[in-house]
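Please build the complex by placing chain B on the supplied structure of chain A, with the hints as guidance.
The listed protein sequences correspond, in order, to chains A and B. Note that the first sequence covers residues 1 to 161 in the working numbering. Note that the second sequence covers residues 162 to 304 in the working numbering.
FYI, nobody ran anything at the bench for these hints, they're computed from the structure. One or more hints might be untrue.
Simulated restraints, written as ranges between beta carbons of each label pair [said to hold, decoys possible]:
no. : chain 1 : residue 1 : chain 2 : residue 2 : range
1   : B       : 294       : A       : 102       : 14 to 24 angstroms
2   : A       : 79        : B       : 304       : 40 to 50 angstroms
3   : B       : 247       : A       : 106       : 24 to 34 angstroms
4   : B       : 300       : A       : 113       : 31 to 41 angstroms
5   : B       : 226       : A       : 102       : 49 to 59 angstroms
So the derived list for chain A, only partly shown, Cβ under 10 angstroms to chain B, looks like this [as the list claims (entries may be wrong)]:
no. : residue
6   : 27
7   : 56
8   : 102
9   : 110
10  : 113
Yeah, the Cβ is synthetic: ideal placement off N, Cα and C, and Gly gets one too.
Each chain, letter by letter, is given below.
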Amino acid sequence: MLRTHQRRGVGIELEIPARAEYVALVRLLVSSLASTRRVLAESRIDDLKLAVSEACTNAVEATRSGNERVVVRWHEEGDRLSVDIEDQGHGFDPANLAVHPPVTDPERLNFERGLGIPLIRSLVDQAEFAPSSSGTCVRLVMYCGPTEADDGYAGEEEQEA
Amino acid sequence: MPAVGAMARPYRRRGTSVAQRPPESGPDERTLGMDLQLEVVDHDDSSVLVVHGQIDVHTAPRLRERLVEMVSQGARRIVVDLNDVDFLDSTGLGVLVGVLKRVRTHDGELLLACARPRILKVFEITGLVKVFSIHPTVDAATA
Numbered sequence: 001m002l003r004t005h006q007r008r009g010v011g012i013e014l015e016i017p018a019r020a021e022y023v024a025l026v027r028l029l030v031s032s033l034a035s036t037r038r039v040l041a042e043s044r045i046d047d048l049k050l051a052v053s054e055a056c057t058n059a060v061e062a063t064r065s066g067n068e069r070v071v072v073r074w075h076e077e078g079d080r081l082s083v084d085i086e087d088q089g090h091g092f093d094p095a096n097l098a099v100h101p102p103v104t105d106p107e108r109l110n111f112e113r114g115l116g117i118p119l120i121r122s123l124v125d126q127a128e129f130a131p132s133s134s135g136t137c138v139r140l141v142m143y144c145g146p147t148e149a150d151d152g153y154a155g156e157e158e159q160e161a
Numbered sequence: 162m163p164a165v166g167a168m169a170r171p172y173r174r175r176g177t178s179v180a181q182r183p184p185e186s187g188p189d190e191r192t193l194g195m196d197l198q199l200e201v202v203d204h205d206d207s208s209v210l211v212v213h214g215q216i217d218v219h220t221a222p223r224l225r226e227r228l229v230e231m232v233s234q235g236a237r238r239i240v241v242d243l244n245d246v247d248f249l250d251s252t253g254l255g256v257l258v259g260v261l262k263r264v265r266t267h268d269g270e271l272l273l274a275c276a277r278p279r280i281l282k283v284f285e286i287t288g289l290v291k292v293f294s295i296h297p298t299v300d301a302a303t304a
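Next comes chain B alone, as it looks inside the complex:
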């Protein structure tokens, strides 16, 4: 099965042999495409968190940490840009629900920018499409 044979590759990193990797260090996140990158950008009066990668049980705590940090640093209008997110699960939804509550207690707002059908579908199935303010782009969210 070619698919299974390919599974050996994620352990390889350019210039790093399998033997050099610690035995229980976990899979190579970048090679698997499961790493999460977070980038904060100021956009008029909003703070935009641009999320790249996959949001799951492993990466969601980092998303929560960054958003909580933004709120505690005074951000009151936060846009989370999900347009470069390949995967979002219930753990990620939970983080967004928790941060929405936190922002609202500070009289702030949390907006989402997302036009990806596979991500929007998760909000639709769970009904959270009615809880969040979701816009196709960051510009639309901050307009």
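One chain only, chain A, in its complex shape:
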């Protein structure tokens, strides 16, 4: 079962089963919160949603039985918001990730995995990975600026109109 609750002054927490079918629910929560709270421009919400989704995917894939839980915490403070994704998996060493061949190298096609962490690092303002023997906590931070589109593209709806 899903559990959502709000903690006064701290943020919002969602706990999901560590299963692939629940990752979309986390995306829905993050994009709904970011839109409702009006803290980020549309394109930055997409970035945060993708980064959180990637972290949740890693959390789900790090667990073995599917009975573990993944906890997602949304927290706003001053000029930034953070999303923590905490799992009960076997952890990994963020400093020792496999390095892919350059995209122009035909060998690049042998690597289907390992794109998640670089994506996360590109999409958010700050990403911290804290592995431990009991699981991994990933903290994603976005600095909140004006909500007008200001970073690359003007929001998809606007462009497609």
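Chain B in isolation, oriented as in the chain A frame:
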């Protein structure tokens, strides 16, 4: 918080009460807008796979399965139409990379049709924009 209150709704399906749903059946994919629909269309000498919905860790295996099936059935010029895809993550990219390799071993080609900025951005960040042949529309890809 209205956003959190709204989270109870995904369990409801028209004409189906919450109590009728099996307890661990997972969230209702359609209501969440996270279902993946795949449609194969022949387009001149190309096979076009039109993808609707979201491609993530949950749905990507179905995308892989369908593309592998197309290759094994003899398709050698495949266009994947991503113009109705709302979300694409690294799992989806991985599937496309794997299928590109598979198609090339059969001397075939895999082309992508996509003009959505939020999807193109994922290819750009990862550098895969240089690996794939990406066109704005299916017509442009097959021209």
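Violated constraints from the hint list, given by number and in increasing order: Checked against the structure, the only hint that fails is number 5, while the rest are satisfied.
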